[in-house]
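Undergrad: Let the hints inform the model, and build the full structure from the sequences given.
2 protein chains.
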Amino acid sequence: MSDLKNDLILKALRGEQVSRPPVWMMRQAGRYLPDYIKLREKYDFFTRVETPELACEITLQPVDQVGVDAAILFSDILVIPQAMGLTVLLEEGKGPLLPKVVKNKADIDALITTNVEERLSYVMKALRLIKQELNGRVPLIGFAGAPWTILCYMIEGKGSKSFDKAKQFCFTEPELAHTLLQKITDITIAYLKAQVNAGADLVQVFDSWSGMLSPADFKIFAQPYLIQIADAVSGMAPVILFPKGSWYALPELSKSSASGLGIDWSVTPELARQMTNNSITLQGNFDPSKLLAPIKQIKKEVTEMIDAFGTQRYIANLGHGILPNIPVDHARAFVDAVKEYCPNPSHA
Amino acid sequence: MSDLKNDLILKALRGEQVSRPPVWMMRQAGRYLPDYIKLREKYDFFTRVETPELACEITLQPVDQVGVDAAILFSDILVIPQAMGLTVLLEEGKGPLLPKVVKNKADIDALITTNVEERLSYVMKALRLIKQELNGRVPLIGFAGAPWTILCYMIEGKGSKSFDKAKQFCFTEPELAHTLLQKITDITIAYLKAQVNAGADLVQVFDSWSGMLSPADFKIFAQPYLIQIADAVSGMAPVILFPKGSWYALPELSKSSASGLGIDWSVTPELARQMTNNSITLQGNFDPSKLLAPIKQIKKEVTEMIDAFGTQRYIANLGHGILPNIPVDHARAFVDAVKEYCPNPSHA
Numbered sequence: 073m074s075d076l077k078n079d080l081i082l083k084a085l086r087g088e089q090v091s092r093p094p095v096w097m098m099r100q101a102g103r104y105l106p107d108y109i110k111l112r113e114k115y116d117f118f119t120r121v122e123t124p125e126l127a128c129e130i131t132l133q134p135v136d137q138v139g140v141d142a143a144i145l146f147s148d149i150l151v152i153p154q155a156m157g158l159t160v161l162l163e164e165g166k167g168p169l170l171p172k173v174v175k176n177k178a179d180i181d182a183l184i185t186t187n188v189e190e191r192l193s194y195v196m197k198a199l200r201l202i203k204q205e206l207n208g209r210v211p212l213i214g215f216a217g218a219p220w221t222i223l224c225y226m227i228e229g230k231g232s233k234s235f236d237k238a239k240q241f242c243f244t245e246p247e248l249a250h251t252l253l254q255k256i257t258d259i260t261i262a263y264l265k266a267q268v269n270a271g272a273d274l275v276q277v278f279d280s281w282s283g284m285l286s287p288a289d290f291k292i293f294a295q296p297y298l299i300q301i302a303d304a305v306s307g308m309a310p311v312i313l314f315p316k317g318s319w320y321a322l323p324e325l326s327k328s329s330a331s332g333l334g335i336d337w338s339v340t341p342e343l344a345r346q347m348t349n350n351s352i353t354l355q356g357n358f359d360p361s362k363l364l365a366p367i368k369q370i371k372k373e374v375t376e377m378i379d380a381f382g383t384q385r386y387i388a389n390l391g392h393g394i395l396p397n398i399p400v401d402h403a404r405a406f407v408d409a410v411k412e413y414c415p416n417p418s419h420a
Numbered sequence: 073m074s075d076l077k078n079d080l081i082l083k084a085l086r087g088e089q090v091s092r093p094p095v096w097m098m099r100q101a102g103r104y105l106p107d108y109i110k111l112r113e114k115y116d117f118f119t120r121v122e123t124p125e126l127a128c129e130i131t132l133q134p135v136d137q138v139g140v141d142a143a144i145l146f147s148d149i150l151v152i153p154q155a156m157g158l159t160v161l162l163e164e165g166k167g168p169l170l171p172k173v174v175k176n177k178a179d180i181d182a183l184i185t186t187n188v189e190e191r192l193s194y195v196m197k198a199l200r201l202i203k204q205e206l207n208g209r210v211p212l213i214g215f216a217g218a219p220w221t222i223l224c225y226m227i228e229g230k231g232s233k234s235f236d237k238a239k240q241f242c243f244t245e246p247e248l249a250h251t252l253l254q255k256i257t258d259i260t261i262a263y264l265k266a267q268v269n270a271g272a273d274l275v276q277v278f279d280s281w282s283g284m285l286s287p288a289d290f291k292i293f294a295q296p297y298l299i300q301i302a303d304a305v306s307g308m309a310p311v312i313l314f315p316k317g318s319w320y321a322l323p324e325l326s327k328s329s330a331s332g333l334g335i336d337w338s339v340t341p342e343l344a345r346q347m348t349n350n351s352i353t354l355q356g357n358f359d360p361s362k363l364l365a366p367i368k369q370i371k372k373e374v375t376e377m378i379d380a381f382g383t384q385r386y387i388a389n390l391g392h393g394i395l396p397n398i399p400v401d402h403a404r405a406f407v408d409a410v411k412e413y414c415p416n417p418s419h420a
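These protein sequence lines are chains L and A, in that order.
Add 72 to a position in the first sequence, counting from 1, and you land on the number used in the numbering used here.
Add 72 to a position in the second sequence, counting from 1, and you land on the number used in the numbering used here.
Calculated from the structure, these hints are not laboratory results.
Be aware that a few hints might be false.
Since the list gives no way to pick one copy over another, a pair counts as held whenever it fits inside one copy or between any two copies.
[To be verified] For lysine-lysine, the following BS3-like pairs were computed, each having C-alpha atoms within a straight-line distance of at most 30 Å: (1) 237 x 114; (2) 83 x 114; (3) 77 x 233; (4) 166 x 371; (5) 255 x 291; (6) 371 x 237; (7) 237 x 83; (8) 368 x 255; (9) 197 x 177; (10) 172 x 255.
Every value quoted in this text rests on a predicted model; they were computed, and no experiment measured them.
TA: Laid out in C-alpha cells, this is it:
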C-alpha cells in the first residue's frame with residue numbers, strides 16, 4: 073500500500089500545520105451524482121452497499137469528479153442493526169424500515185454482538201478494494217452510527233419527527249436502554265476497529281439524532297457511548313464525533329479522546345471555537361441548502377466560513393449530508409472555494 | 073367583561089412578582105384530549121377552526137380539564153396563507169398541503185394583505201366567545217405563525233426535512249423573498265392587533281422552522297420580521313416570540329420589545345438566562361416526550377426545571393407542542409407540579 077499523497081485531513085486532525093484546510097462533504101458518495109443515479113437505477117440499495125465493487129466505484133466517484141480531499145466508504149449506519157440480527161428495508165426515496173422493532177429485554181438479549189467482521193465482511197472487502205483503487209490519492213474515512221441514533225431506529229423502526237418512542241423507552245426503562253446502548257457500543261467499537269484494520273485511515277461516528285435530546289439527557293443516553301467509542305478507537309486511528317444538533321455538548325466532547333468534532337450550521341464558527349477552547353479540530357458547517365445558492369455566493373460564503381474557523385485545526389465540510397438536488401457544479405464550487413482559499417486581507 | 077381572576081402569566085410577562093410561575097402547554101387545546109378526539113371524529117379540521125362555538129369549546133377544554141393558567145385560541149398558523157388567497161388542505165394525521173405554491177413575483181403580487189379582520193372574522197368571533205365563556209378565569213392567548221415559517225409553507229407547499237426549496241428561494245431571490253416576508257408581516261401585524269381587539273390578552277408568534285436557518289440567515293430572513301411584529305403589537309398587549317431551535321438568537325431578541333421568549337429543550341435554563349442577561353421573561357422548555365415518563369419522574373424534573381429558571385420572569389411550558397400520545401393524567405401532572413412547586417431547600 074502506497075503512502076498518502078494528500079494527508080491534509082490527517083494533519084488537520086493531528087493539529088499539524090496545513091497549507092490549506094482539507095475539504096470533503098458528508099454523503100458525498102451518492103445522491104446528487106449522475107453516475108451514482110445510473111447505478112441506483114440498476115442495483116437496489118443493499119446490493120450497492122453489499123457489493124464491494126459497487127461500493128468502491130461509488131466511494132471513488134466524488135474523489136474523481138468533485139475533487140474532495142478524502143473518500144468516505146459508501147455504506148449505511150443501519151448495517152449494524154442488520155449485523156445484530158434485525159431486518160432493515162430501504163425503499164428508494166423513502167426512509168429505512170425495520171419491520172420488527174426492539175420492544176423488551178428478550179428482544180435485546182436476542183441481539184448479536186459478536187463476529188461483526190465476518191457478518192459485515194463485505195464492508196471490509198470494500199474498504200480493502202477502495203484503499204487499493206485510491207492508491208494513496210486521499211485518505212479513506214470509515215464510519216458508523218452512534219449508539220443513541222442506532223437505538224432510535226431499533227425502537228422506532230423508522231424515522232420520526234420527535235423520536236418519542238425511543239425516548240419513552242429510555243425514560244421508562246433506563247436500565248434496559250443502557251443495556252441496549254452498551255450492546256450497540258460494543259459491536260460498533262469492534263466494527264470501527266475492523267474498518268481501520270481493513271484500511272480506513274480515520275473514522276467518523278454519526279449521531280444524527282442526538283440533537284433531539286436535552287443537554288441533560290444527552291449526557292445520560294448519548295455522550296458516555298460516544299466517549300467509549302472514541303476511547304477505544306482513537307489509539308488506532310483519528311476519530312471524528314458528529315453529534316448533530318448537540319452544540320451544547322461541544323465543551324465536554326472537546327475534552328474527549330476524539331481528534332475532531334463535527335458541527336452543524338446552527339452554531340457559528342466563532343462560538344464553536346470558543347466552546348471548544350480552540351483545543352480540537354472542528355469540521356463543518358456549511359448549510360447544505362446553501363449549495364442551491366448561485367455559485368458566486370457559495371464561494372463568497374465558503375471564504376467567510378474559513379475566515380471564521382481559521383485555516384488550522386479545521387476540516388471544511390457541510391453541516392449535514394449533501395442534498396439530492398444539488399447540481400454537481402455547485403458541489404464542485406464548494407470544494408474549489410476551499411482549495412482556492414486566500415485569507416481575506418482584513419482577517420489575515 | 074370581568075377582570076381576570078388569574079393574571080399570573082401577564083404579571084410574569086410584565087416582570088412583576090408572582091406567587092408561583094404560571095403554566096400552560098403549547099398545543100394544549102386538541103390532540104391528546106379525549107373530548108377533543110370526539111369532536112375530531114364529527115367535524116373536519118377547518119370546520120373546528122372556523123366554527124366559533126367549536127373553537128371555543130376546544131380552547132376551554134384544557135382550562136377545565138388540565139387546569140392551565142392560560143387559554144390559547146384553537147386555530148392554525150396557516151389561516152394566514154388562506155386569508156392571503158392560498159388554498160390550504162389539512163388531512164387528519166397528515167401535515168398541511170398547499171396545492172398551489174408561491175413561485176414568482178406574480179404569485180407574490182397576487183397575495184391579499186387587506187381586510188384580515190373580515191377575512192378571518194370567525195377567529196374574532198371565536199375570541200369574543202371564548203373571552204365571554206372564560207369569564208375572567210384565565211387570560212386568553214392569541215397567536216400567529218412567524219413570517220419565515222409561513223414563507224416556508226407558502227414556498228414548499230408542505231412540511232419538509234430541510235426546507236431547501238424555501239431556502240433556495242431566499243438565497244437566489246432575496247429581494248422577492250423580502251417582499252413576501254414583508255407582506256406576511258403586514259397582514260400578521262393586522263391580524264394580531266385584531267385578535268387583541270377581540271379579546272386576546274397576549275399573543276405568541278410561532279417561528280416553528282427558524283432553527284433551520286443559520287444564525288446569519290436568521291438575522292436576514294427571520295429576525296427583522298419578528299422584531300417588526302413585536303414593535304407593532306407590544307403597545308397593545310404583551311408579545312411572546314418563540315423561534316424554535318434558534319437559541320443563538322436569544323441575546324438579540326432579549327433586547328426587542330417582546331415581553332417573553334419561548335425556548336425549546338436544547339438549551340439549558342441556566343444558559344438561556346445567561347444569554348438573555350436575566351432581562352426578559354422566558355417560557356419553556358420541558359421536552360414534550362418526557363411527558364411519556366412516569367408521573368413521579370415528570371414531577372421531579374419539572375421541579376428541577378423551575379429550580380433552574382427561578383420562579384420569577386418565568387412561564388412554565390413545554391419546549392414544543394404536546395404530543396398526541398400523551399396520557400391526560402401525565403399532562404395534568406406537569407401542570408400540577410408547577411402549581412405545587414416548593415423551592416428545593418438547597419436552592420431557596
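Undergrad: A separate judgement is required for each hint: does it hold in the structure or not?
TA: A quick look at each hint next to the structure:
1. 237 x 114: between (36 Å within a copy, 29 Å between copies)
2. 83 x 114: neither (39 Å within a copy, 65 Å between copies)
3. 77 x 233: neither (43 Å within a copy, 38 Å between copies)
4. 166 x 371: neither (32 Å within a copy, 39 Å between copies)
5. 255 x 291: Answer is within: at 18 Å inside a copy they meet the 30 Å cutoff, but 44 Å across does not.
6. 371 x 237: Intra 42 Å, inter 20 Å, cutoff 30 Å: inter-copy only.
7. 237 x 83: For residue 237 and residue 83, neither the intra-copy (41 Å) nor the inter-copy (37 Å) Cα distance is at most 30 Å.
8. 368 x 255: Result: close only across copies, 29 Å inter versus 48 Å intra.
9. 197 x 177: The answer is neither: 34 Å in one copy and 54 Å across copies each exceed 30 Å.
10. 172 x 255: within (18 Å within a copy, 49 Å between copies)
Against the hints set out earlier in the document, violations occur for numbers 2, 3, 4, 7 and 9.
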